[in-house]
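Peer 1: Protein chains in written order, with my numbering: chain C, 1 to 333; chain X, 1 to 1062.
In short, the hints are calculated from the structure, not lab data.
Everything numeric in this text was worked out from a predicted model, so none of it was measured.
Quick reminder that beta carbons are idealized off the backbone N, C-alpha and C, glycines included.
There's no promise every hint is true.
Computed list of lysine to any residue pairs in SDA-like fashion (alpha-carbon distance at most 20 Å, straight line) [to be verified]:
{"id": "1", "chain 1": "X", "residue 1": "K172", "chain 2": "C", "residue 2": "S235"}
{"id": "2", "chain 1": "C", "residue 1": "K79", "chain 2": "X", "residue 2": "Q781"}
{"id": "3", "chain 1": "X", "residue 1": "K783", "chain 2": "C", "residue 2": "Q75"}
{"id": "4", "chain 1": "C", "residue 1": "K51", "chain 2": "X", "residue 2": "Q875"}
{"id": "5", "chain 1": "C", "residue 1": "K79", "chain 2": "X", "residue 2": "E794"}
{"id": "6", "chain 1": "C", "residue 1": "K51", "chain 2": "X", "residue 2": "Q880"}
{"id": "7", "chain 1": "C", "residue 1": "K93", "chain 2": "X", "residue 2": "N135"}
{"id": "8", "chain 1": "C", "residue 1": "K79", "chain 2": "X", "residue 2": "Q875"}
{"id": "9", "chain 1": "C", "residue 1": "K88", "chain 2": "X", "residue 2": "F134"}
{"id": "10", "chain 1": "X", "residue 1": "K693", "chain 2": "X", "residue 2": "S683"}
Per the computed footprint, the stretches of chain X lying under chain C, defined by three or more beta-carbons under 8 Å from a beta-carbon of chain C, are [what the hints assert, rightly or not]:
{"id": "11", "stretch": "123-131"}
{"id": "12", "stretch": "137-146"}
{"id": "13", "stretch": "175-181"}
{"id": "14", "stretch": "782-792"}
Here are the in silico distance ranges between beta carbons for each label pair [claimed, not checked]:
{"id": "15", "chain 1": "X", "residue 1": "E870", "chain 2": "C", "residue 2": "T107", "range": "43 to 53 Å"}
{"id": "16", "chain 1": "X", "residue 1": "R1001", "chain 2": "C", "residue 2": "K52", "range": "16 to 26 Å"}
{"id": "17", "chain 1": "X", "residue 1": "A784", "chain 2": "C", "residue 2": "S126", "range": "43 to 53 Å"}
{"id": "18", "chain 1": "C", "residue 1": "T107", "chain 2": "X", "residue 2": "A784", "range": "52 to 62 Å"}
{"id": "19", "chain 1": "C", "residue 1": "S120", "chain 2": "X", "residue 2": "S792", "range": "21 to 31 Å"}
{"id": "20", "chain 1": "C", "residue 1": "R226", "chain 2": "X", "residue 2": "D40", "range": "42 to 52 Å"}
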Amino acid sequence: MKPMTENFVPLAIKDFAKKIISDGHLYLRTKDGRRFYLMKPGIFIDESFVKKHATNQTVFDYFPVTDEVLISQFQTLFKELKYLQFEKDLRLKTVQIVSFFKEIFLTEKHFLSFALACFSEFCDLSVDDLKKMHETDLYLFRKSLYSSAFAVIIGLTNDFYHYPMIKDFYNLTLGLDIGLCDARYSYFVAEACNRENQSPGSGIEWMKNEGASVLEIDVFLKHPERSYDYFKNQSELLAYPELKEIALYQHELSQGNGFPRGIPKGQVSSWEAVVILASTMVEIKDEYHFETDVLNYILNFQNQKLTELPVQRVYKKLCMSLGDVFQVKETAG
Amino acid sequence: MVKKKMAILNLAGALAPEIMQYFAKKGIEIFSPEQNLHLDWTHILTSGQIDFFAISAEYDTIKKNIKLVSISPLDDLQPFVMSNGKLILDDVWFKHGFGEFILDKFFQDFGGIALGDSYPVFKERGSFNITNPFNTGEYLDRLVHTAFLDGMSGLSIKTFFDHLVMYLTGLKNKGKLGLPIEVTYGYFEDVFGIQLHFFTKDLILEDLTLSLSSEISKKAEEYLLNISVHSCDFFDLTFLQEVNKAVVTGLWTKDDSIKIENRGLLISNLSSTSAITHYPSEGVTSYQGTEPVLTDLSEKIVLPGSSPRESFGDKFDVPDNQIDDEDVTQTIGGGPYSNDEQATLVKGTKDLSEDIQRIAGGSSAEKESSTIVKGTQADVDDAATLVKGTREEKESTQTIAGGPASKKEQVSIVKGTKAAPDEVMKISGDSESSDDESLEMIKGAASRTQQALKIKSLNPNNQVDEENQVDATNPIDQNQLIGTKTNPPRKVTSSISPADDKTDSENSIDSRKNQREMANQRQNEMAIEDQELEFEAPAGTLLKDKHLVKGSKEEENAKQVIQQERAKIQEILKIKSLKSEFPAELKNKFNDHLISQDKTLAQATEKDLEEFKKQQIQHAIKNASAPLESRMIGKSSGVPQEVASSGNDRASELKMMALTAENENLKSKMKTLLSEVKILKDSKSQMADFHRKAMETAETITQNQQSAQLDQLLREQMLQKIKSENGLSGPDAKKLVDLMERETQFVQGSKEIEARLKKAQIELNQKETFFTQEIEKLNRQLKAKETVITKSKENVTAMFEKKDQEIFMLNEKLKEANKVAMTNNPQAQQLYVKELEKQVSNHQKMIEIYKEKLSQFPMAKTDDEISKEENRKLQMMNTQFKNQLDIAKKEIQKFQDKMSHDSEQLINLKTEKLKLEESLKKANMAVKKEELASNTPSQLESEVKKLKGLCEFYEVQIKEAQTRNREQDVKLQAALKNQKKDNIADESGKGRLGQLENNVRKLTQDLVESRNQLAEMKKDASKLKLEKVALQNQLDKYKKAEKTDKAKPALPKKPGTGGKAA
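Take the sequences, apply the hints, and build the full model.
Peer 2: As structure tokens, then:
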């Protein structure tokens, strides 16, 4: 969302080029005072953009949304978790992280702070892969960035205390849609993914109704397998390589009518549900209202999705850790 | 997918009515082998531990995937599972309704409650994920805690879980299992269930069967799964092929008929249409939100056999009349040594203090396991001497009896030597009373009887007895052979203590295996013990009496009597010990020896034994050498002489070996005993100190008490006097005053002490809190340091790796250099050097050339690459700006051309306009003339007026356009001026170019506007032209009409017709 107030700060291109991901709203001001909106927070900053403005030595109008202190706090908490060994210590540290998360996002803090902390701490995907996602769709990378951050908090609230496991969840969610990065990716594919998110199982129907091409449908239907192949080839990416199977579960449904496998009811494990839920919570959009209203968004997540997805148990645990139980009972599927 | 029709062969015989009912209900037909049908069997029902391999071979169960179903529990699961055994289900499960569900699940291949309401709904009690198999302690604690609270056997659940997780870890190491493992546990009515599921791939039957061994060995991997299976009431292993997962479920019931042993096993392979068994709960558990408090539930662990008689009788089937209560209630170790109940009494010495060997567990001040050996008769009821470790072992010396008599201390008399014809090895503890205070009497080959070493008491698991019995039957005492050098008391304790006994796996295994045999042996031994007690009873009673008159003459007499009795008993025991110690052959020989001397076993003396032993030892030595010789001969001649060598030779050889081993054993034991003696001395001196201190304190206490009593008496006397005499005399008053003073002093003293006490308590509390805080701080610091250390370790390792790589590289370089040095001869080296010199000279020349070149460049003054780049960039910018300027100039020229063209058009328009105006004027004039000449119609006038207005409007517009044109001209001129300026200073073009661009843009906009206006004006002009033409036409018409009217004469009017208007 664009900022309501105009507390802009000048930001030279050389400073902006240091960032990997935009952590604020970026504008270009003309001589006559008119502003052109260039970039949203959470967008991957590519080289071409930097080169283009470096020749002109552009100074942008910038509205940062993240909190550097908050990012470093989350980073230290993750680092502390990394060096703990015993289960009780791990559990207590996890509780500390979750309670800190809850405390922070009760206020209108931007979710990107957490997302950036997670990115800097857990991301092991190569820059080329990230660029590939960004080049496929500007908002695909942004979606993956946010959903992978959700995967971290969902994992932590679901009794996954070990740092390598959380890291794997993060990287799996971040690269979950890498199968969409295809030359035939189009608006139809992105929208079908969103439709699938909004109402699980409706993506393919929508594509057919809208007259999407066979190739586009193919991209949509086979992207879980392509993502799986990607993780299969990245042998050193995951600490627990068996978790790569999760990529195949991202569009599975409770009643066994999902794709690509159509896994029967009750055969989806919690570690798979963590990633599925995280992926479902964020769509490929240009605007997210949850960015400054994280807890409410989590606790009031849509009922319809949850009944049709095999994530109820995981979602309940997430809510039990973040919110009050009464609210959970109302919202849980 | 259509399921194959079931064809079940019943090899189990008669089935339980519940099972029959189930099959009838489901319409499943069962065939017996008598029917002699040859169907495609899908299942075979079996019962009991039969030869499953034979069934497998006969029916080809594995190849044809015929599932074996056992309807009775099995001890050895390995052959069953290896023969494609899939289900073991005892009919007791049908009591719960579970049996039906399990059969449904098995025969219909389903799992999970979603497929039917018949499955009981489990309520979740907890869940957790295992990411590190060696990091499950807290989870397991919670699980066991919950199980205990539900009234389940937490221990079996703990065993199940531990073994299963370790089995799964083994699978993970094989690369057949993936983490995490998700664990859920819950309950339904009186059934408690644990479910684990995990990712698994390429798991084969062998992976299961290899860990299902029923034999307990040192390789725990071989029986992990077996123990896990046997720790639960029902074990369910389900594979989910679709998702490459496996689900393990363990069920426990409160039903005693089931929980005694495992009654069920299910191995199923679910198809894609099935779902896993899981617990849809009334809510999910999360340790994030709630952290249940774990309370101590140790009281739930109750070892079997609350009453000794019960446990003993249950285990060994011994009749009640053969169990002596006292025998059974005697306990081993663990308590303070002063507590007689927790002393270990060597069998046969219940009342004889000399033979008491007490083994204390851990209540001594040093918290060490220690052996207390009761020594002298005088110390029968005293606390025995405490033996602590073997620290001063080196100090102890060993001397064989017969040596210098001065070394009475620490003398070991080896039984069987000439100097010690009594054949008793004694370890004397004290020089003064070496006989009286002998610490322990170790009987030698003859005296190490089964009875002597056997401990009368039984531990709850009966392992002590088992062990001792094993030791007794074994000529070489295992525990003693291990040697007591390292920690003798501990070893002694370990041989008896049940807790430590478990660590000695081999002994425990043997003992378990021979459990029942031992029970029988024990029964026999009980009879022998009873006989022995007959001998011991008088000595015991004497001793008890003597204890009452300690230190008197009676005591000495009693001692003598006891010694005599004891000597008799020992002699008998030694002879009796042959029964168990010697092989049967020797026993028989000894009996023959006695018969040859017309004696019975009861009449046999020690001399008889000695004679017999001498004969036998000589014979044994001969026999021992014989087989060796015979072997040598056999080897040389090639004749199998071993056939000729009898079993007796081997036995004697073995016996010799046993004797030598025993000798060594005794030596080691002697050493330990010597060390014990030394320690005993120390402890005695310590005891004496304690005693002295105690006496001193007792004296002070008695003094205080006496003074208090005196004071009390005085007080009473004074009171009586006051009452009787109504006053006190002078001395009495003084006494009273003194008493009062003392009282006040006492009160003050007590108050001061109380105050001190309170202060001390407060200080203590403060210190406690301070120390706890400090400890916490230190712990935190420790943790922080640990993390720092781990981090630094990582860094250091990384550094090391780098350095190693560098070193490796350097080494390689060195090797290459060495190789070059080694391979090249001096001539080649000279050539190489020459080449190098040439290269160097070439390079120098090249450098000079480049230097010259560089000096020629103007930019070479600034060698800085950055400045070069900047220059390049600036040049680039310059050219770009120049290009842009050229483009702008061209555009401006175009605009100028257009402007000139437009201005020409404007001029033309103006001229046309003037012409039109003239024509209009003419027309007006003509109209006026016509009006004057004839009355023109009013319409024409109005039109003319309109035309005039329009003309005026257009005139105004044209004027505006002209003014705009002028303004544009002015702007153009200004722009041209700017351009000229820019041309002059074209290198400072950045901002100006922008301005120019803006100006050009504005100009273009203005031009576009003016063009539009011109187009509109043209349109207006064309309209005006048309109107003008129309007007002219009208005027022409009028003119023609006038001419014709003037030329023609006027006609007379016809009647009835109107005249035409003019």
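Peer 1: Does each hint fit the structure? Answer for all of them.
Peer 2: Structure-based check of each hint:
no. : hint                           : in the structure
1   : X:K172 with C:S235             : 17 Å, holds
2   : C:K79 with X:Q781              : 17 Å, holds
3   : X:K783 with C:Q75              : 19 Å, holds
4   : C:K51 with X:Q875              : 19 Å, holds
5   : C:K79 with X:E794              : 14 Å, holds
6   : C:K51 with X:Q880              : 17 Å, holds
7   : C:K93 with X:N135              : 15 Å, holds
8   : C:K79 with X:Q875              : 50 Å, violated
9   : C:K88 with X:F134              : 13 Å, holds
10  : X:K693 with X:S683             : 15 Å, holds
11  : 123-131                        : holds (count 4)
12  : 137-146                        : holds (count 3)
13  : 175-181                        : holds (count 3)
14  : 782-792                        : holds (count 3)
15  : X:E870 with C:T107: 43 to 53 Å : 48 Å, holds
16  : X:R1001 with C:K52: 16 to 26 Å : 22 Å, holds
17  : X:A784 with C:S126: 43 to 53 Å : 34 Å, violated
18  : C:T107 with X:A784: 52 to 62 Å : 30 Å, violated
19  : C:S120 with X:S792: 21 to 31 Å : 22 Å, holds
20  : C:R226 with X:D40: 42 to 52 Å  : 44 Å, holds
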